[in-house]
Structures are given as structure tokens and as C-alpha cells.
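In the numbering used here, the protein residues as written are 1 to 200.
Don't read these hints as lab results, they were simulated from the structure. Please note: incorrect hints may appear among the correct ones.
SDA-like cross-link-like pairs, simulated, lysine to any residue; straight-line CA separation at most 20 Å [unchecked claim]:
| no. | residue 1 | residue 2 |
| --- | --- | --- |
| 1 | Lys101 | Asn125 |
| 2 | Lys156 | Tyr192 |
| 3 | Lys138 | Lys101 |
| 4 | Lys81 | Tyr144 |
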Amino acid sequence: MLKKQPQQTAAEKPAEPRQMEFIDGISISRDPKTSDHSHKNRSTTLRESPGRVAGIEEARWWQFKYAQLLDLPVENVVNEKLFSFIEEWYGVPYRMGGSSKDGIDCSNFVNTFMSAVFQISLTGNSGQLFHQVNRLAKRADLQYGDLVFFAINRKKRISHVGVYLDNDRFVHASSSNGVMISDLREPYWVRYYAGAGRIN
Numbered sequence: 001m002l003k004k005q006p007q008q009t010a011a012e013k014p015a016e017p018r019q020m021e022f023i024d025g026i027s028i029s030r031d032p033k034t035s036d037h038s039h040k041n042r043s044t045t046l047r048e049s050p051g052r053v054a055g056i057e058e059a060r061w062w063q064f065k066y067a068q069l070l071d072l073p074v075e076n077v078v079n080e081k082l083f084s085f086i087e088e089w090y091g092v093p094y095r096m097g098g099s100s101k102d103g104i105d106c107s108n109f110v111n112t113f114m115s116a117v118f119q120i121s122l123t124g125n126s127g128q129l130f131h132q133v134n135r136l137a138k139r140a141d142l143q144y145g146d147l148v149f150f151a152i153n154r155k156k157r158i159s160h161v162g163v164y165l166d167n168d169r170f171v172h173a174s175s176s177n178g179v180m181i182s183d184l185r186e187p188y189w190v191r192y193y194a195g196a197g198r199i200n
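Sequences are here, hints too, so could you generate the full structure?
Printed below as a string of C-alpha cells:
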């Protein structure tokens with residue numbers, strides 16, 4: 001004799017995703033289709049981003065790689081355009097005055113990065129770029145796409161530049177290791193850090 005399956009009651013049905021509501025009618029809702037790293041006049045928002053994942057089991061190989069390099073949860077590494085660019089250039093050797101994958105210097109890497117990822121056209125070496133940015137008073141204000149500057153082996157003279165990512169990490173063309181991600185908290189970078197700025 002077949003047993004009748006119990007009918008699912010309204011209370012047992014899976015709940016619909018709800019919008020969270022706060023006081024004074026202010027509400028927010030999660031948009032799983034948007035990866036938004038943006039500030040005034042600069043956005044890397046990727047609608048319908050294939051990088052967006054609901055959980056770690058859906059993540060792709062590049063998300064695991066850059067989550068490790070940035071020391072972030074995999075779910076936070078969602079900007080495929082930005083990380084695809086870095087992946088394409090990662091490990092390209094340093095060459096003074098270079099601007100190709102045969103070799104590139106720090107300022108040409110930054111100029112290429114900003115153009116490809118943020119559609120911001122920049123020219124000039126690290127010292128010239130330093131005079132084109134709006135300076136940030138605190139490191140805590142750094143956002144994706146801000147420029148970080150260093151005065152290495154020269155008193156008060158800017159000689160190196162990189163692009164800030166997240167969690168104190170920045171991408172740059174290092175003279176010793178080529179294009180790579182480094183940590184601003186490392187003693188070497190702390191010693192030579194000269195400030196940061198934003199292109200508006």
C-alpha cells in the first residue's frame with residue numbers, strides 16, 4: 001500500500017529572500033550580480049560578473065589564487081576584469097623604460113593597468129604621477145585603484161609606484177621580481193612608503 005506523502009505547509013516552504021529593513025524606512029538588499037569596487041569617477045563594477053559566487057564551492061581557480069595572495073575570503077575576490085589583467089601580466093620581468101610583456105617598468109605598468117581596468121589615461125614616470133594625484137591623508141582611506149608611491153634609495157624623491165588592491169596589498173612591477181603583488185606592511189615597503197593618491 002502506498003503511503004501518502006505529507007503535504008508541505010506554508011511554514012515548511014523555503015523562505016523567499018527578504019529585503020532587510022532598518023529604521024526610518026532605509027533598506028538594503030544584496031545584489032548577487034554586482035561586484036562593486038568604486039569611488040567617485042572610477043568604477044570597476046561588473047554587472048552579471050561570472051566571478052560572483054554564492055559560496056566557496058562555486059569559486060574558480062583565479063579566485064582561490066588571488067584570495068591567497070590578498071589574504072581575503074574567496075567570496076570577496078570577484079572582480080574578474082581586474083584580476084584577469086593582473087593574471088595576464090603576473091611575472092612579466094622588469095625592464096627600465098619597458099612597456100610590453102617582454103619587460104615593463106613600474107610607471108608603464110601602472111599606466112597600462114589604469115587604462116585597461118579603469119579606463120583612466122595616465123602618462124609619466126612615478127615622480128610625475130605623484131604630482132597628478134589627489135593625496136590621501138591616511139592609508140586607511142586607500143581603495144582599489146589608488147596609487148601608492150615609494151622613495152627608494154633617494155631622499156624624498158619618488159622612484160616607484162604601484163596600484164592598491166585590498167587588505168594592504170598592491171600590484172606593481174618590481175625591479176627584482178617583475179609584476180607581482182606585495183604587502184605594504186612588509187618592513188621594506190614601510191621604510192620607503194612616501195604616500196598615496198587618487199586620480200579623480
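Quick rundown of the hints versus the structure:
| no. | hint | verdict |
| --- | --- | --- |
| 1 | Lys101 / Asn125 | holds, 18 Å |
| 2 | Lys156 / Tyr192 | holds, 9 Å |
| 3 | Lys138 / Lys101 | violated, 34 Å |
| 4 | Lys81 / Tyr144 | holds, 13 Å |
In terms of the numbered hints stated before, the structure departs from hint 3 and from no other.
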